[in-house]
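Colleague: Sequences and hints are given; from them, build the entire structure.
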Amino acid sequence: MASTFFTSFDIPNTLDLKKHNHHPLKNQTRPKTRFYCNNSSKSPKTTKPDLSDEPKKQNPSLSQQLQTLSTTILSDTPQKNNQTSQLLSKPKSIWVNPTKPRPSVLNLQRHKKTSYVHNPQIRDLRMFSKKLNECENDKDVFFKVLDDIPHPPTRENALLVLNSLKPWEKTVFFFDWIKEKEFFPMETIFYNVTMKSLRFGRQFQLIENLALEMIENGIELDNITYSTIITCAKRSNLFDKAVEWFERMYKTGLMPDEVTYSAVLDVYAKLGKVEEVMSLYERGRASGWTPDAIAFAVLAKMFGEAGDYDGIRYVLQEMKSLGVKPNLVVFNSLLEAMGKAGKPGLARSLFEEMVAADIAPDAKTLTSLVKIYGKARWARDALDLWQRMKSNGWPMDFILYNTLLSMCADLGLQEEAEKLFDDMKGSDNCKPDSWSYTAMLNIYGSGGHVDKAMTLFDQMSKENVAVNVMGCTCLIQCLGRAKRMDDLVTVFETSLKKGIRPDDRLCGCLLSVVSYCENSDDLDKVIACLQQANPRLVSFVNSLEGNTEFEKVKEEFKGILNNTEVEARRPFCNCLIDICRKRNLDERAHELLYMGTMYGLYPGLHTKTSEEWRLNVRSLSVGAAHTAFEEWMGTLSGMVNRQEPLPELLSASTGAGTHKYSQGLANAFESHVTKLSAPFRQTEEKPGVFVASREDIMSWVQSKV
DNA sequence: CTAGGGTTAG
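Everything in the first sequence is counted per UniProt numbering, starting at 1 for the first residue and increasing by one.
Treat each hint with caution, since some may be false.
As the list claims (entries may be wrong) - Cross-link-like lysine to aspartate or glutamate pairs, in silico, DMTMM-like; alpha carbons within 25 angstroms at most:
#  : residue 1 : residue 2
1  : LYS375    : ASP433
2  : LYS582    : GLU684
3  : LYS462    : ASP433
4  : LYS452    : ASP522
5  : LYS608    : GLU670
6  : LYS497    : GLU551
7  : LYS196    : GLU156
8  : LYS554    : GLU493
9  : LYS364    : ASP381
10 : LYS525    : GLU493
11 : LYS131    : ASP148
12 : LYS251    : GLU216
13 : LYS452    : GLU463
14 : LYS525    : GLU551
15 : LYS196    : GLU247
16 : LYS704    : ASP586
Derived by calculation from the structure, the hints in this document are not laboratory data.
Modeller: Given below as structure tokens:
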């Protein structure tokens, strides 16, 4: 059975905001995730170890209070709703005994650290620890060095050494030694220090063993012990263990302090259990807790991961009303969260707020912001930011460099990227890696600068930087467009030899080259590459010709799509349609478009209002757009012939080619329309939108008869 | 890493 404390998560979701009246902001918009409570009964299932060895000093007031809670409002009985409404109107009625203070879920007093005792032997011991750390990580070697300990292992001396040992194996050697030799009685702090070292080594099992040993030997586990155990479990993704040890604290009568409490908030946050986090948060608040910046950073990150903008606002307003000033980490978490919630403008103003508050941004801050501006395609803001980074001397690091480069690649900022790339080459710690090169290959590739791209590729071999699958894809795309098939084959083969495993994007890229190959020599070369990467796709391409039955094509196409990453499915379909168009297999092209639509690859292809019907071909390749247009015109002709009503306006949207890969669609569409002498005209106000009136269409259809 | 909690790319 779960502890009484955690059954409290069964509070109905409609309740949990109003159950505490202390909120100064109770009328504000609440985080949207707080309304979903469907998984709150699924708090992590834990296998409880036998607790019989633990001291039975239950904290009466806590368990009593929590018992009260669980029996009063949290039962699974049908009267829950009645109690809910009572609670809403009279929150205080939940306490059975009003003379008792509110149940507290955390201790507002932090664990006090023992005061530092000056140790004159500190220098010697430090040197000695260093020797221990530098010796081979082997038990015998370690003990040989240990023989020369310069001072007797008193409590203070041992602690000093224990504190500075790494890696964890050595800490354990030393710990076992002082324990075995019984120089002095073991205390909690020795276990805590050892656990901390084990945590660096992610040795959760050893930490848990030590904790059980403490229980067995009657050594008190304090908040430091628990928070170390909990955070180690968390970092090892053993969330059920983290929760288990948190619950165990209450059972043994120990109240978490704010450090342990916010560590647990983070455990639930990382599990995505927003409801549980907010329940804990509010219970903490109701216990008189004023969360600090760290707790708010946890909440901010959690709401960011959930893309929950209301949640982010809630965090901001809570901090404001509680008078907690955000620090650098909180700002960073909030900025990141704003990005994930898709609010670039608010991220920008938050950043200005941060600078105005005299908090200097660090590389993480700037990385978040660059990412946000890049994603929003705000080239000017991104470049302004970069300018400010340079003039203010704001810190750069490797990740920030690469993020800037990727942003430049996304926005097609070639000159800026070249400058950054050169800066990286000239730096000491931020030499370009495969991602930096990939960004450059992306820029040169999409800009059609084949030679520059190839030079980079050669440079990578010389600099011993491994090409990755994305870099390979960018390069192959560019070589394909330039019809440099021999280079394309070389790059593909070299990459395979270097261990690149072609993914669906790379296959899609090869398939697109197939779709515009002008002669059979070229075609054979590219097909040979594709054959190595995805033979099934090649045989499917071959089956498109001739009179393969539709049902067979459909089954195979479905199978292929099912084995393809979602993001590559539409490109596959687009390329296959293009291939059909190129080979005058128009009927097959229509079949493929039909299937693609069936399988949801083209959502929103056709939208209708009472005044206007629109064909949206922005996400289609040229051949697919032609096919879709023909299909549509066929439908419209049929309707005209059957004298069915049409809307006043018919339009087709190709997009104006602002995206680097969509250029040319509007032009190709225009010439196709001209070829069919269809009455669509590109509007001047909206480039990339072609319109025709009902009358135009009707007379065009009738003229064809 | 001087006993415990929070933030960074693809």
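Colleague: Each of the hints needs a verdict: does it hold here or not?
Modeller: The hints, checked one at a time:
1. In summary, the hint linking LYS375 to ASP433 is supported, as the alpha carbons are separated by about 22 angstroms, within the 25 angstroms threshold.
2. About 31 angstroms separates the Cα atoms of LYS582 and GLU684, which puts this hinted pair outside 25 angstroms; it is violated.
3. Taken as a hint, the LYS462 and ASP433 pair is honoured in the structure, with Cα atoms around 13 angstroms apart against an allowance of 25 angstroms.
4. Between LYS452 and ASP522 the alpha-carbon distance is near 23 angstroms, which keeps this suggested pair within the 25 angstroms criterion.
5. With a C-alpha separation of about 22 angstroms, the suggested pair LYS608 and GLU670 falls inside the 25 angstroms cut-off, and the hint holds.
6. With a C-alpha separation of about 39 angstroms, the suggested pair LYS497 and GLU551 falls outside the 25 angstroms cut-off, and the hint is violated.
7. The hinted pair formed by LYS196 and GLU156 meets the criterion: a straight-line CA distance of about 18 angstroms does not exceed 25 angstroms.
8. The suggested pairing of LYS554 with GLU493 is violated, with an alpha-carbon distance near 32 angstroms, which exceeds 25 angstroms.
9. Among the hinted pairs, LYS364 with ASP381 is consistent with the structure: their alpha-carbon atoms are about 17 angstroms apart, no more than 25 angstroms.
10. Of the supplied pair hints, the one linking LYS525 and GLU493 holds, its CA atoms being roughly 11 angstroms apart against a limit of 25 angstroms.
11. Of the supplied pair hints, the one linking LYS131 and ASP148 holds, its CA atoms being roughly 10 angstroms apart against a limit of 25 angstroms.
12. With a CA separation close to 16 angstroms, the supplied pair LYS251 and GLU216 stays within the 25 angstroms bound.
13. This hinted pair checks out: LYS452 and GLU463 have alpha carbons roughly 16 angstroms apart, not beyond 25 angstroms.
14. As the CA atoms of LYS525 and GLU551 are separated by approximately 30 angstroms, the hinted pair breaks the 25 angstroms bound.
15. Proposed proximity of LYS196 and GLU247 is supported: the alpha carbons are some 21 angstroms apart, at most 25 angstroms.
16. Between LYS704 and ASP586 the alpha-carbon distance is near 20 angstroms, which keeps this suggested pair within the 25 angstroms criterion.
Of the numbered hints stated above, those contradicted by the structure are hints 2, 6, 8, 14, listed in ascending order.
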